[in-house]
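Q: Below, each chain spelled out in residue letters.
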Amino acid sequence: MNRHYRPIIGILLATSAASCAPASFDDEDDTDMVITMRQPDKDFSSYRTYAITEPVVDLGAYAEDPIQVPHSVVDPLILSSLEQEMDEAGYMRVADAMADNPDVVVTPGVVATNNWGWVSYYPWYGYTGYYWYYPPVPVPVNTPLGSVIITMLDPNATMRDPNAGQMDDEERTLVPVIWTGAMRSLLYDSDEAAAQDIPELMDQMFDQSPYLKVGGAQ
Amino acid sequence: VNARWQRLMLGLALLAPAGSAAAQTVPPEPPAPPPPASPPPAATTPAPATSPPAYPAETPPPAYETSPYDESGATGPVPPTYPTFQRAAATRKGKVSGALQWSMGLGVGSTNEFANDYSFGGFAVEGRYWVADQVTVGLLWGWNALHEKEYNKTYSTENLAITSTQVRWIDAMPLQLTAHYYLELGNKKLLPYLGAGIGTAWTQRQLVLPFTSYTQDSWHFAFAPELGILFNTGRGGLLLSTRLNYAVETDDAPEELWFSFNVGLMEF
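Chains as they are written, first to last, in the numbering used here: chain A, 1 to 218; chain B, 1001 to 1268.
Excised from the complex, chain B in its bound form (with noise of 0.2 Å):
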């Protein structure tokens, strides 16, 4: 009988679950058997009595809480709180952004002077990195085209005039590191902005005659305040804006100055 009770012993403890109170109650008596090679670990980790039934670690505990804004002190369920779209979709940090713009342009002062005509032809490609999510910097690469045709007009040096038709370019082409900073209102489709750039332009002066042509080319140091407004429609956008190009007179040539209105569109 003790050989058959000691057996039976042994295996209640071998099946008894951890924490069990099966194996809380086993007598000390009569001597145990020799010990397994990797004792339960009931034997080690002891659990009250009291306890519920325990959960697979991967099972979440109910979402039985009280509110951390319920006021009332009252205690109830909650709702589950999700990420959205919107809150995940608001952050633009870190990210670069293209914008290939039309870029229309109009000479200011000696500028308009020299070349009056409203230009339509014209480009600029600029790239901005999100650093925060209303300031980007980025590098602007662009080319106005400012002309006019003029009848009858005389050329004139000390010794010599000429008078006939001409046509008047002025090509400038700005390369320049820009920063913009982002309002954001209450319809956040709508991003008006301001920024600037500074860096060079490279501009040409040519007057063409009908059997002669005279150029004027420099390199200059050169910025450009701008403001404009961006449309987002979540993945791109589009972009309007101004800019007051400024280019400085060099010893080689004057100082040019124009507006460009550049309609284009950007990518988020």
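Okay, chain A solo, but in the shape it has when bound (with noise of 0.2 Å):
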């Protein structure tokens, strides 16, 4: 190739190579996230009662390094929300989870977490017309998600547990979950942020999942 070209070719292979960047997560937005499973094929349609256990249950015991959740601020945030929820859901609620024998009972727990990472950046980068030409430095952070999980049980469907007597003898029944719910975003640093969105992610948990309508919607 004509030595002419050699510039040329190299303007190419760079082009080429950066705009190869891959496409990542990297603002504030990513971190928001709304996960539902169901048992497999479960149907919902029969359901029509429903109980909300009280109070909102503190997972950090079962967290790695948890962080303290501002319960006076998300727990009504998310028992109200839930509340809204399965009632446009089709859903009647009863008082007692025991007494009132609901079709299901739903659980919120809530925990949040410190996760930790590295940031590299060009310190006054553009700053009025000056440009960092070092290294960027590697700064550690942390970004606090709190998450909120949602675990709807069928009391009525209990079943013996097919480990019992193995390791003890002592006869066990187990609920099985029907549903769970899952979303997860920044630890709000403002009520104002938590009360737009818990609701706002409660609603998107089950507009994902639609066969939970009474009367079925699968």
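Check the hints yourself; a few may be wrong.
To be verified - Computed, partial: chain B to chain A, Cβ under 7 Å:
#: 1; residue: Thr1154
#: 2; residue: Asn1159
#: 3; residue: Leu1160
#: 4; residue: Ile1162
#: 5; residue: Thr1163
#: 6; residue: Ser1164
Note that these hints are calculated values from the structure, not bench results.
Note that the Cβ used here is the ideal one computed from N, Cα and C, for glycine as well.
Two chains, two separate frames, one set of hints: put the complex together.
A: The following block contains the structure:
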């Protein structure tokens, strides 16, 4: 190849390579996530009543590096938005999960964790015409994330523990989990942010589980 | 006197040039002396007495002839013709041209639904053999990376649904035999061409979620019609082209259809 073309070849290669920078998860909205799972092929059409267990369970004991959850802020939001979504799905709430024998029992839990990572950046990058030419400095950063986990049980579909009797002689009865919803977001640093995000993500949780509607929308 | 006459005749016979009149005028008498070991050519190849003086063999004849294109019938000197640079450079047959291309991509159809961003990431390396001045056959290896980032997108199966930011990728790598036909227009610096490639393509679809990813890859039968233009600068040129790449559906992966827009250099 003619040597006059070498700079052009270099530009072509550099442009092609630079364009391959992967799209990545690099902003705050990327942390929002809602996951729902149901018992495989479970039919919810026959359920009519529900109960919510209170208070909201703190699941920090089950997580690595947990941080304090602002229960006074988030718990009322979780309970109210959960009740609203169940009502909108057509369920009727009963007061007592044990005495009123509901069709399903819904148990909310919450946990917050530290999530440490590294961020490299150029200090003062672009500041009034000054640019930093030294390698970027990696800085440890923490993204505190809060998660809400909703577990739906069928108290009338108990089953005998298949492992009972192997470890001890105690007869145990299991209550199957028929649906689980989890939502994750940044741990809210203001009441206003929490008031906006928790109902929004709870709504998404039920939107992506249309089979929960009373009467059965598969 | 007789002996002196004989020596004189022998000397003239040896000194006379081939075909000279002097050699023809040697009388038969008196008797010739004994013949030399290799007789002089003058004695064996007599030339007519009216022949012009001979030129050395390497000397070309003068270019005085009648032009075959001169319809007037007039005779006269015709300027000699020489091979020009343009005529010598006109033929590409038998040459091999290499091309390096920056390849940008855009999905079509279901490929676009999965990854719809216009992608600037990609390249193609190509070799073309000129089987004729206007026809090449060759081999192409390329890569296009199509991608899309979408917020609050739900990925769902029968019993599982995940709503989150999604990053979706399609890597496509065609490896194909190619053939091209070039149109020579009035301006020979511009060579529009059309062509096609046929062969295989490896594709990989990747769905990346915040905490996991799903990957699906496969080899496809693939082909790609192509339109392009070469700006010929003599030893090399700029290449602009677009290919419509089609990778046929397989048991493991869906079909992929995408345009690649290519800018590159090609050596002649």
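Q: All hints, please: hold or fail.
A: Quick rundown of the hints versus the structure:
1. Satisfaction of the interface hint for threonine 1154 of chain B is found here, the shortest Cβ-Cβ separation to chain A being roughly 5 Å, below the 7 Å cut-off.
2. At its closest, the beta carbon of asparagine 1159 of chain B sits 5 Å from a beta carbon of chain A; the interface hint therefore holds under the 7 Å criterion.
3. With a cut of 7 Å, the hint placing leucine 1160 of chain B at the interface with chain A holds, because the nearest CB-to-CB distance is about 5 Å.
4. With a least beta-carbon distance of about 5 Å to chain A, the hint placing isoleucine 1162 of chain B at the interface is held under the 7 Å criterion.
5. Interface restraint check for threonine 1163 of chain B: the shortest CB-CB distance to chain A comes to about 4 Å, inside 7 Å, so the restraint holds.
6. Proximity of serine 1164 of chain B to chain A holds as hinted, the smallest CB-CB distance being about 4 Å (cut-off 7 Å).
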